[in-house]
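Q: In order, the protein sequence lines correspond to chains A and B. If you read the first sequence in our numbering, its first letter stands for residue 3, the second for the next number, and so on. If you read the second sequence in our numbering, its first letter stands for residue 94, the second for the next number, and so on.
Derived by calculation from the structure, the hints in this document are not laboratory data. Careful: at least some of the hints might be erroneous.
[Unchecked claim] Straight-line alpha carbon distances no greater than 27 Å define the calculated DSS-like cross-link-like pairs of lysine-lysine that follow:
hint, chain 1, residue 1, chain 2, residue 2
1, A, Lys-110, B, Lys-107
2, B, Lys-134, A, Lys-40
3, B, Lys-159, B, Lys-148
4, B, Lys-107, A, Lys-5
[To be verified] Footprint (simulated), chain B over chain A, 3 or more residues, beta carbon under 8 Å:
hint, segment
5, 46-58
6, 63-70
7, 73-84
[Said to hold, decoys possible] From the structure, some residues in chain B lie toward chain A, with a derived Cβ separation under 8 Å:
hint, residue
8, Cys-106
9, Phe-121
10, Phe-132
11, Ser-136
12, Gln-153
13, Ala-165
14, Leu-169
15, Thr-196
16, Val-207
17, Leu-208
Don't be surprised by glycine CBs; every beta carbon is placed ideally from N, CA and C.
One-letter residues, chain by chain:
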Amino acid sequence: AQKVTQAQTEISVVEKEDVTLDCVYETRDTTYYLFWYKQPPSGELVFLIRRNSFDEQNEISGRYSWNFQKSTSSFNFTITASQVVDSAVYFCALSEPYYGNNRLAFGKGNQVVVIP
Amino acid sequence: GAVVSQHPSWVICKSGTSVKIECRSLDFQATTMFWYRQFPKQSLMLMATSNEGSKATYEQGVEKDKFLINHASLTLSTLTVTSAHPEDSSFYICSARAGQFDTQYFGPGTRLTVL
Numbered sequence: 003a004q005k006v007t008q009a010q011t012e013i014s015v016v017e018k019e020d021v022t023l024d025c026v027y028e029t030r031d032t033t034y035y036l037f038w039y040k041q042p043p044s045g046e047l048v049f050l051i052r053r054n055s056f057d058e059q060n061e062i063s064g065r066y067s068w069n070f071q072k073s074t075s076s077f078n079f080t081i082t083a084s085q086v087v088d089s090a091v092y093f094c095a096l097s098e099p100y101y102g103n104n105r106l107a108f109g110k111g112n113q114v115v116v117i118p
Numbered sequence: 094g095a096v097v098s099q100h101p102s103w104v105i106c107k108s109g110t111s112v113k114i115e116c117r118s119l120d121f122q123a124t125t126m127f128w129y130r131q132f133p134k135q136s137l138m139l140m141a142t143s144n145e146g147s148k149a150t151y152e153q154g155v156e157k158d159k160f161l162i163n164h165a166s167l168t169l170s171t172l173t174v175t176s177a178h179p180e181d182s183s184f185y186i187c188s189a190r191a192g193q194f195d196t197q198y199f200g201p202g203t204r205l206t207v208l
């Protein structure tokens, strides 16, 4: 069963528009960790954020913001006022210390294309 | 901080040869590193967990004799693709855990093409 679901495969937006990437996860662990990574065309995965399951505060970092809703098992990511440099694949990932041995389970990724 | 390097960044080899990929943690020590494989337009697939000073733990379906992993020091793990064949062509990425919460930081990846 897919532990992390990112339903939208490719999303195209015009520059300066906002884009929200949905991530829904499934876990039996009571404590777990969620991540977002960015993979630009160069291929390297860039760490964006880590969220602990016991910390439901939303977070904002510049134009990036994250909405963690434990009740709906979702950890959504919004890019505000998108720029061409935001064009990349974005992966949501889950780490389960007990049932997953701390391995990262990745979603299929969201390909974001920002059109100038 | 938390920089991971990989070498080489790309390699082309003939079928039947072996290829070694290095993964280094540059500014921290990593007792555990991970090796992933990624096909075009797909997600990352975990191949194995590399543990310093002990045998690697392979995921189901990954041939340990085909993909040899050695984690000889706290900053270096190597993946050797033995007797490579065209179907082994892929993007291989390593990661290492760092920081208070063991976040995985990834290397830039190695693109392997087997002719």
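Q: A separate judgement is required for each hint: does it hold in the structure or not?
A: For each hint, the structure was consulted:
1. Lys-110(A) to Lys-107(B): violated, 31 Å
2. Lys-134(B) to Lys-40(A): Between Lys-134(B) and Lys-40(A) the Cα gap is close to 14 Å, so the pair holds against 27 Å.
3. Lys-159(B) to Lys-148(B): holds, 15 Å
4. Lys-107(B) to Lys-5(A): Violated: Lys-107(B) and Lys-5(A) sit about 37 Å apart, past 27 Å.
5. 46-58: holds (count 6)
6. 63-70: Not satisfied, violated; 0 residues make the cut.
7. 73-84: Since 0 is below three, the answer is violated.
8. Cys-106: This interface hint is violated because 19 Å lies over the 8 Å limit.
9. Phe-121: violated, 14 Å
10. Phe-132: For Phe-132(B), the interface hint is violated, since the closest Cβ of chain A sits about 12 Å away, which is over 8 Å.
11. Ser-136: holds, 5 Å
12. Gln-153: With a closest approach of 12 Å, the Gln-153(B) hint is violated.
13. Ala-165: It is violated, given that the least Cβ distance between Ala-165(B) and chain A is near 22 Å, above 8 Å.
14. Leu-169: Hint violated; Leu-169(B) Cβ to chain A Cβ min 19 Å, cut 8 Å.
15. Thr-196: holds, 5 Å
16. Val-207: violated, 18 Å
17. Leu-208: violated, 21 Å
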